[in-house]
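Participant: Sequence:
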Amino acid sequence: MPLDIAIAQFRPVKGDFDATLDACARVVERALGQELRPRLLVFPETALTGYFLEGGVREQALPAPQLFERLNARTGPDAAGLDVAIGFYELDAGCIYNSAMYATLGPGGGIRHVHRKVFLPTYGVFQEERFVEAGPGIEAFDGPLGRTALLICEEGFHSISGTLAALGGAAIILILSASPARGAAPGAGMPGNLARWDALASGIAAEHGVFVIVSQLVGFEAGKGFAGGSAAYDPRGDRLVAGPLWEEALLPVQIDLGEIARARTDEPLFADLERSWTRLLVNSPGSGVRRPAAELE
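Read left to right, the sequence shown gives residues 247 to 543 (this note's numbering).
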C-alpha cells in the first residue's frame, strides 16, 4: 500500500517557542486538509526554536514528554493518528541535546523514538559542541509506517550513519536538517550545500535501498540564510520531490515500501554490505580484535 508523507519546509519564530508551536499547529492543520491526508509529517532540525541559539539553548530546551504534551494540546482531535517527526533542543537529566522526536499525535498516541545528534559540527559558523551534548548512537525503531531511523543534519554527511540505520532494519530514513546556504557555482541556480545534500541523500538511498526524506529549515537567523530545498528519494536514489528555495512549503510525497525489495534485487549492494559487515568490523582499525592475515585465508 502506498504511504503518504508530507515534508514541512518550515521557518520558526526564533527564540519564541509558543509562537513557533502555534505555527507548527497551523502546518499540521494544512497537512490534514490535503486531498491525500499524510500519515507522517516531517519538520526540520530545531524547528521549534531556530538553530543559532548558542547559549540560548538553556532557556529553550525542554524534555521530550513536555514537548509532546504541548504539541498534542495545540493540534487538537483532528490530528489524532498523525505521526510527526520534529527537531528540538532537548533537556534530559541536566544535559542538553540537539534532538529529533518521532511521535504519534492524539490520545492513543505517544513518543515512539527520540534521537540525539551524534555528530556535532563545531567549525566555521557552527558551535554545537559548546552548547549541547553528543548523542550515544544511531538506532532504527519500529514506527507505524515501518522500520524507521532519524538522522540530524551533519549525520547525513557521514556515510556510516546511513549504514547503521539500514543495518538496524530501517526502510525509511528521515533526515532533519538546518543547513545554512553557502557556496554557489556560477549558473548553478542553488547554493552549493544543497547540491551536496542532493548527492548525499541520493547516495544513502541508493547504497542501502531505502527511502530518504530530507526536511530543511528555511529563513534567516543572525545574517545566515537557510535556503530550504527539502527533498525525498526512492530506494534507487531517484529524487521524488524537491522543495522550493527561500520559502516555506508543504511537500506531499508518496512512497511504496515494496520498491525496496525490487531495488535491492536489481542492485544487491545492501546484501553485500550485510554479508561483509562483521568481517569489516573485526578487521577495522581500532577494533582491538583484528585477526592475523593467516587466519583469514
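Hints are computed from structural coordinates only; laboratory data are not their basis.
For each residue, glycine too, the CB sits at the ideal point set by N, CA and C.
Some hints could be false.
Claimed, not checked - Pairwise CB distance ranges (calculated): (1) Ser533 - Phe372: 41 to 49 Å; (2) Thr524 - Gly471: 43 to 51 Å; (3) Ile357 - Pro323: 17 to 25 Å; (4) Asn529 - Gly370: 19 to 27 Å; (5) Pro498 - Gly532: 43 to 51 Å; (6) Pro353 - Leu282: 21 to 29 Å; (7) Arg482 - Gly301: 20 to 28 Å; (8) Ala468 - Glu375: 33 to 41 Å; (9) Glu305 - Ser533: 26 to 34 Å; (10) Ala468 - Ala445: 42 to 50 Å; (11) Phe372 - Ala326: 17 to 25 Å; (12) Gly322 - Glu375: 17 to 25 Å; (13) Glu375 - Asp518: 49 to 57 Å.
Participant: Hint by hint, say whether it matches the structure.
Facilitator: Outcome of the hint check:
Under the hint 41 to 49 Å, the C-beta atoms of Ser533 and Phe372, about 30 Å apart, miss the expected range. At roughly 44 Å, the beta-carbon separation of Thr524 and Gly471 lies within the given 43 to 51 Å, and the hint holds. At roughly 19 Å, the beta carbons of Ile357 and Pro323 sit within the given window of 17 to 25 Å. At about 35 Å, the beta-carbon gap between Asn529 and Gly370 misses the expected band of 19 to 27 Å.
Distance hint check for Pro498 and Gly532: the Cβ-Cβ separation is about 44 Å, which falls inside the suggested range of 43 to 51 Å. The beta-carbon spacing between Pro353 and Leu282, approximately 24 Å, falls within the hinted interval of 21 to 29 Å. For Arg482 paired with Gly301, a C-beta distance near 44 Å fails the hint of 20 to 28 Å. The hint said 33 to 41 Å for the Cβ distance between Ala468 and Glu375, and at roughly 19 Å that hint is violated.
Our hint of 26 to 34 Å for Glu305 and Ser533 is violated, since their Cβ atoms are close to 42 Å apart. About 28 Å separates the C-beta atoms of Ala468 and Ala445, a value inconsistent with the hinted range of 42 to 50 Å. Distance hint check for Phe372 and Ala326: the Cβ-Cβ separation is about 38 Å, which falls outside the suggested range of 17 to 25 Å. The beta-carbon spacing between Gly322 and Glu375, approximately 39 Å, falls outside the hinted interval of 17 to 25 Å.
With their beta carbons about 35 Å apart, Glu375 and Asp518 fall outside the hinted range of 49 to 57 Å.
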